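Positions in the sequence shown are counted from 1; adding 253 to them yields the numbering used here.
Because the hints were derived from the structure by calculation, they are not lab data.
Among the hints, a few may not be true.
[To be verified] Derived lysine-lysine pairs resembling DSS-like cross-links, with alpha carbons at most 27 Å apart:
#1 Lys-336 x Lys-323
#2 Lys-323 x Lys-351
#3 Lys-323 x Lys-359
#4 Lys-311 x Lys-351
#5 Lys-311 x Lys-359
#6 Lys-311 x Lys-323
#7 Lys-359 x Lys-336
#8 Lys-351 x Lys-336
Here the structure is a predicted model, which is why all the values come from computation and not from measurement.
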Amino acid sequence: CLLSFQPPTMVPIVESRLRGALWGLFAGDALAAPTHWYYGGSHQVASDYGGPITTYVKPATHMAGSIMNKSNTNGGGRGSFRKINGVSIIGDVINHGKREYWDPSKSVHYHATLAAGENTLEVQLV
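Could you put together the complete structure from these sequences and hints?
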């Protein structure tokens, strides 16, 4: 353990910094999730959210230019949306009930199913 190698007086300082860093990671991720993959700057944010984001907000469902609808729902990379033997990895094995968000006819935000202030999977894995 990293903390066991520190002088006893340093342990509370290191622990406090680690806790602060993690809280910052979680807060920053939740604040940034609604604009993840936005490259149109403040104009794009204002268009989708009615102005600048100043608090936790739920990501928009629609996202112009999303490439999620090009993803293979049965493997990696680009590919098919059809089920194989009645099963789709996206929707049946993982992301249960969320296959519709990968529909090629839609343009869905990558974090559309998150609530305001909810963290992305990547941060939850920390």
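How the hints compare with the structure:
no.	hint	in the structure
1	Lys-336 x Lys-323	holds, 15 Å
2	Lys-323 x Lys-351	holds, 15 Å
3	Lys-323 x Lys-359	holds, 10 Å
4	Lys-311 x Lys-351	holds, 17 Å
5	Lys-311 x Lys-359	holds, 19 Å
6	Lys-311 x Lys-323	holds, 23 Å
7	Lys-359 x Lys-336	holds, 17 Å
8	Lys-351 x Lys-336	holds, 14 Å
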